[in-house]
Amino acid sequence: METVTYNYAIVRSFITWSIIWGLVAVLVGVLISFQLVNPDLNFAPYLTYGRLRPLHTNAGIFGWGIGSFFATFFFMVQRLCRTPLWSSGLARFQLWFFNATIIVAAVTLLLGFNTSKEYHELEWPVDIMVVVLWVIFAINIIMTIVKRREQQMYVSLWFMLASIVGVAVLYIVNSAEIPASLFKSYSAYAGTNDANVQWWYGHNAVAMVLTAPPLAVFYYFLPKSTGVPIYSHRLSIIAFWSLIFMYLWTGAHHLLWTPVPDWVQTLAMAFSIMLIAPSWGSVINGYLSMNGQWHQMRENYLVKFLILGITFYGLQTLQGPAQAVRSFSSFIHYTDGVPGHVHMGALGWVSLVLFAAIYYLVPRIYGRELYSIPLANLHFWLVLLGQLIYSLSMWVAGLQQAGMWHSINSDGSLTYTFMETLVEMYPYWWMRAIGGVIYLAGLVVFIYNLLKTAKGGQPAKEAVATA
Amino acid sequence: MPTPHWEKKPFVFLLLATLTILVGTIITMVLPFAWVNTEADRIETVTPYTPLEQAGRDVYIREGCNNCHTQTVRPLVAEVLRYGDFSKSGEFLYDQPHLWGSRRTGPDLARLGGKYPDAWHYQHMQAPTSMIPKSNMPAYAFLQENPLDAEAAQRAMDVLGFPYAATDIDALKGKNEMDAMVAYLQKLGTGFRMVVCRLSPPWVTPRSGSS
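Quick note, the sequences are listed as chains R and A, same order. Under the numbering used here, residue 467 is the last one in the first sequence; the count climbs by one each step, no gaps. Under the numbering used here, residue 1211 is the last one in the second sequence; the count climbs by one each step, no gaps.
Check the hints yourself; a few may be wrong.
Partial list, derived from the structure: chain R residues whose beta carbon lies under 7 Å from chain A [stated by the list, open to error]: (1) R53; (2) F97; (3) A100; (4) L110; (5) I145; (6) E150; (7) Y154; (8) A176; (9) P261; (10) Q323; (11) S327; (12) G403; (13) L414; (14) T415; (15) Y416; (16) P427.
Below are the EDC-like pairs computed for lysine to aspartate or glutamate, each with C-alpha atoms no more than 20 Å apart in a straight line [to be verified]: (17) K1088/A - D1041/A; (18) K224/R - D127/R; (19) K1187/A - E1044/A; (20) K1088/A - E150/R; (21) K1134/A - E369/R; (22) K1175/A - D1085/A; (23) K1187/A - D1085/A; (24) K1088/A - D1118/A; (25) K1008/A - D40/R; (26) K1134/A - D40/R; (27) K1008/A - E1039/A; (28) K1173/A - D1158/A; (29) K1009/A - E150/R; (30) K1008/A - D1041/A; (31) K1173/A - D1149/A; (32) K224/R - E150/R; (33) K1134/A - D262/R; (34) K455/R - E369/R.
Hints are computed from structural coordinates only; laboratory data are not their basis. Don't be surprised by glycine CBs; every beta carbon is placed ideally from N, CA and C.
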């Protein structure tokens, strides 16, 4: 049988850099969580909450998220197509261009160059860098699929392709802007239109960056980790098409009760509820794949990360639709409940699945056994605890804040001033900061374990080396 | 189940996936352009920003104020009581980009204009806790040290197509970013005057706005 030499060096490099940017994202996150309890920790002009929060989200979504999807996609595409990457040179260029883009993004954000649009803050020159980066990535993935030696396209490749085309469309349309100078532009859309385009982008960035790619990873790495195939290929395909169809209708659930036309809001609300079905299609597929394998939750740390990850995906896709209903949105929107929701997705779902993929990959691409499984378990419990403290404290905070904002006396006047509601948040904000520190500790354990594996782990046994 | 032919062709697959995501996109993102910012939305009293106000808006964006403050009041009882009349689409006609935000760490600012005197804003921006002891807002005293860039302000007006006089640009000289910020904050939400109930019979010409 002919042997294929896969390019694992590029996978290794992207893993390293995505973890570095992930660490930056969490460090900045912890800093801004302390800024919210103590405004003296703002160091104007560069290190204020207003400039650091976009850095936190961009480093998290684009540095850690996209960076590790580059790593896992480059691994999966080669294995699923049984062919080396179409162009190793292009992939290497992409690595350095990716890092250059993240660095330019971080510096410009701290300098105050931003468009104000959430998750799309980068100004137009950096936008162009992002587009170039995405195009060269897309070419490499698509060309590798075209010259594949495996006839079947596994569902992970579907999610990858959908993500590639989805991100391209969303990013380009939402970045329509008129430059006024090198680092200042004005949106091409005005007011209500601008808001509607922005949240069509914003919510579908969640679909195309934080749902489709981790599902590609999940559908590949769960069977790889358990050693048994996915329960139903057909279910994964039904879930795929209905997911990418329905997601695009839901952006305006971020704009309920705003001047956006009512019918747009109603469609967004209805489709958000309908999205429970395809989301849970994947959750159930994951659970049923564990039939007869549940003992692996005890024995196999990879499975623990993956199954907890898909569980948080399931909870996320119930909480999300609940918040997308007009009545509940009128209560919970604009409160801390929403960051609580977002962080269950980011820290619970996306990151747990990525941790599992990286734990699976590192021994194979370095040819060494993982340095310590107990440390991997410690990592698991620390990040789980940190995330739960974050999310739970924010949900409770959100409920209390909403209750106080909407409270009306019997004479028809408001019960609380805004400041009276704000001071009630301080204990919760402290808890969030502590949750963040625990999460950071988990991340440090993860990095230490990987460094020890790469530097001095036991050479791999046969099984790991060839898997 | 035999795999359909098209499932093995990446370009056919890409085309189908693109068409699938375009359905919801066209209906909920492209189509609303026919409803929004049309004549029906127009409010006569809503005017474009002056060079000073627009410069303040640019500072607001640069400092990321929208990360903690929203600018849209919802038609909910408690919200209208707290902030003023709910937001109308026509009020945002000159907002490129919109600054509605998504999180109220601080209060909504859509109807801030005229609520406090200028001096309150200067003092508050300089040292928020001096006015509101338990506030967690960062201090923005440094804005007072940054003179306005009249040339950049003029370019902004040209790009946005807002009317201005040469004297408006001259007036920026000697002003700082804090002046611009306060001017912007005082403009917020003032283009619309709440009409609680118009009782005049239809044959009486209604007054339009404050003119």
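Results of checking the hints against the structure:
Evaluation of the R53/R hint against chain A yields a held restraint, the C-beta minimum of about 5 Å falling below 7 Å. Against a cut-off of 7 Å between C-beta atoms, the interface hint on F97/R is violated, since the closest Cβ of chain A lies about 23 Å away. The interface hint given for A100/R is broken, as the beta carbon of that residue sits about 23 Å from the closest beta carbon of chain A, more than 7 Å. Interface restraint check for L110/R: the shortest CB-CB distance to chain A comes to about 11 Å, outside 7 Å, so the restraint is violated.
Annotation: I145/R was flagged as interfacial toward chain A, and the flag holds, the nearest CB pair being 5 Å apart, inside 7 Å. At about 10 Å, the closest approach between the beta carbon of E150/R and any beta carbon in chain A exceeds 7 Å, and the interface hint on this residue is violated. Against a cut-off of 7 Å between C-beta atoms, the interface hint on Y154/R is violated, since the closest Cβ of chain A lies about 11 Å away. The beta carbon of A176/R is not positioned within 7 Å of any beta carbon in chain A (closest approach about 11 Å), and the interface hint is therefore violated.
The restraint placing P261/R at the interface with chain A holds, with a minimum CB-CB distance near 5 Å, inside the 7 Å limit. Contact between Q323/R and chain A, as hinted, is not supported at the beta carbon level, the nearest pair being about 12 Å apart and thus beyond 7 Å. At its closest, the beta carbon of S327/R sits 11 Å from a beta carbon of chain A; the interface hint therefore is violated under the 7 Å criterion. Hint on G403/R is violated. Least Cβ distance to chain A is approximately 10 Å, over the 7 Å limit.
Interface hint at L414/R: satisfied, since its Cβ lies 5 Å from the closest Cβ of chain A, which is below the 7 Å cut-off. With its C-beta approaching chain A no nearer than about 9 Å, T415/R sits outside the 7 Å limit, and its interface hint is violated. Proximity of Y416/R to chain A is violated relative to the hint, the smallest CB-CB distance being about 9 Å (cut-off 7 Å). The criterion of a C-beta within 7 Å of any C-beta in chain A is not met by P427/R, whose closest approach is roughly 13 Å, and the hint is violated.
Proximity of K1088/A to D1041/A is assessed by CA-CA distance (about 8 Å); at most 20 Å being required, the pair is judged to hold. Distance check on the hinted pair: K224/R and D127/R sit about 36 Å apart at the alpha-carbon level, beyond 20 Å; violated. Restraint check: the Cα-Cα separation between K1187/A and E1044/A comes to about 15 Å, which is no more than 20 Å; the hinted pair holds. At roughly 56 Å between alpha-carbon atoms, K1088/A and E150/R are farther apart than 20 Å, so this suggested pair is violated.
Taking the CA atoms of K1134/A and E369/R, the gap is about 53 Å. The hint is violated against a cut of 20 Å. Taking the CA atoms of K1175/A and D1085/A, the gap is near 32 Å; set against the 20 Å cutoff, the hint is violated. About 15 Å separates the Cα atoms of K1187/A and D1085/A, which keeps this hinted pair within 20 Å; it holds. Annotation: proposed proximity of K1088/A to D1118/A is violated, straight-line Cα distance about 25 Å (limit 20 Å).
Distance hint between K1008/A and D40/R is unfulfilled; the C-alpha atoms sit about 58 Å from each other, more than 20 Å. Restraint check: the Cα-Cα separation between K1134/A and D40/R comes to about 12 Å, which is no more than 20 Å; the hinted pair holds. For the hint pairing K1008/A with E1039/A, the CA-to-CA distance comes to about 50 Å; that exceeds 20 Å, so the pair is violated. This hinted pair checks out: K1173/A and D1158/A have alpha carbons roughly 18 Å apart, not beyond 20 Å.
For the given pair, K1009/A sits about 12 Å from E150/R by alpha-carbon distance, which is consistent with the 20 Å threshold. For the given pair, K1008/A sits about 49 Å from D1041/A by alpha-carbon distance, which is inconsistent with the 20 Å threshold. Proposed proximity of K1173/A and D1149/A is supported: the alpha carbons are some 8 Å apart, at most 20 Å. For the suggested pair K224/R and E150/R, the alpha carbons sit about 17 Å apart, so the restraint of at most 20 Å is met.
Proposed proximity of K1134/A and D262/R is contradicted: the alpha carbons are some 38 Å apart, above 20 Å. Annotation: proposed proximity of K455/R to E369/R holds, straight-line Cα distance about 11 Å (limit 20 Å).
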